[in-house]
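Letter 181 of the sequence shown, counting from 1, is numbered 678 in the numbering used here, and no numbers are missing.
Read the hints as simulated data drawn from the structure, not as lab findings. All the pointers check out, no bait thrown in.
Straight-line Cα separation of at most 30 Å, DSS-like style, residue types lysine-lysine; simulated pairs:
hint	residue 1	residue 2
1	559	668
2	665	622
3	539	519
4	559	539
Note that the coordinates shown come from a computational prediction; the quantities given were computed from them, not determined experimentally.
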Amino acid sequence: MNRFVYLDNNATTKLSERVKEKIKPYLDLQFGNPSNLYNFGKQVKQEINNAREEVAKFINCKPENIVFTSGGSEGNCAAINSAIKQFPNKNKIITTKVEHASILEYCKMLEKQGYEVVYLNVNNKGELDLVSLERELDQNVTCVSTQFANNETGIIFDIEKIKGIIEKKKKEYDFVWHIDCVQALSKIPLDMQELNADICTFSGHKIHAPKGCGFMYIKQPNTFIPLIAG
Numbered sequence: 498m499n500r501f502v503y504l505d506n507n508a509t510t511k512l513s514e515r516v517k518e519k520i521k522p523y524l525d526l527q528f529g530n531p532s533n534l535y536n537f538g539k540q541v542k543q544e545i546n547n548a549r550e551e552v553a554k555f556i557n558c559k560p561e562n563i564v565f566t567s568g569g570s571e572g573n574c575a576a577i578n579s580a581i582k583q584f585p586n587k588n589k590i591i592t593t594k595v596e597h598a599s600i601l602e603y604c605k606m607l608e609k610q611g612y613e614v615v616y617l618n619v620n621n622k623g624e625l626d627l628v629s630l631e632r633e634l635d636q637n638v639t640c641v642s643t644q645f646a647n648n649e650t651g652i653i654f655d656i657e658k659i660k661g662i663i664e665k666k667k668k669e670y671d672f673v674w675h676i677d678c679v680q681a682l683s684k685i686p687l688d689m690q691e692l693n694a695d696i697c698t699f700s701g702h703k704i705h706a707p708k709g710c711g712f713m714y715i716k717q718p719n720t721f722i723p724l725i726a727g
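From just these sequences and the hints, can you work out the full model?
Below, the structure written as structure tokens:
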């Protein structure tokens with residue numbers, strides 16, 4: 498049999514054996530609906546709450562700041578959707594030309610609805626044009642969406658410099674700063690208190706979890722407007 502070598506963990510990862518064993522009971526006997534009022538569902542809800550606490554601990558935030566999703570794409574779209582709903586009188590979105598397709602395609606949809614989308618350039622080293630970022634931030638901006646690490650090149654944005662510009666402008670204008678942290682999770686230390694973003698998005702299948710799961714960090718849950726309600 499030919500040997501198979503897989504070298505594309507940026508695209509997706511193999512399901513960890515430890516994870517497989519952990520989730521197996523919930524695919525078999527413990528299939529209760531966590532919204533149920535009886536114990537069969539309550540047990541599953543408790544495990545979800547335990548998972549939320551573990552995730553929060555890993556990125557240094559409170560459990561109430563964590564919302565589980567179906568993955569990075571849902572989280573990215575939900576972040577921008579919440580921002581434009583939160584600021585209905587603004588119509589400018591700032592992102593970059595090298596974002597994940599879920600950001601770029603969603604922004605194209607929004608452009609057709611009348612939103613102005615600014616796609617910032619990167620140089621030949623993949624570094625973000627910070628001068629343009631600062632220049633484009635004005636009173637009409639509803640959302641700035643930047644990645645932490647690129648899914649194709651592996652380039653890591655200078656988040657500290659981006660944060661400095663964002664925090665300076667936030668003193669003048671209110672808007673949402675979203676960071677796509679999908680490729681950074683477990684590779685780069687992430688501390689939500691230090692990062693100080695409004696929303697960060699993450700995906701499970703990049704870190705040996707199943708496809709179809711992820712989570713969001715939401716700094717102010719009471720201001721978040723969900724993409725899917727109920």
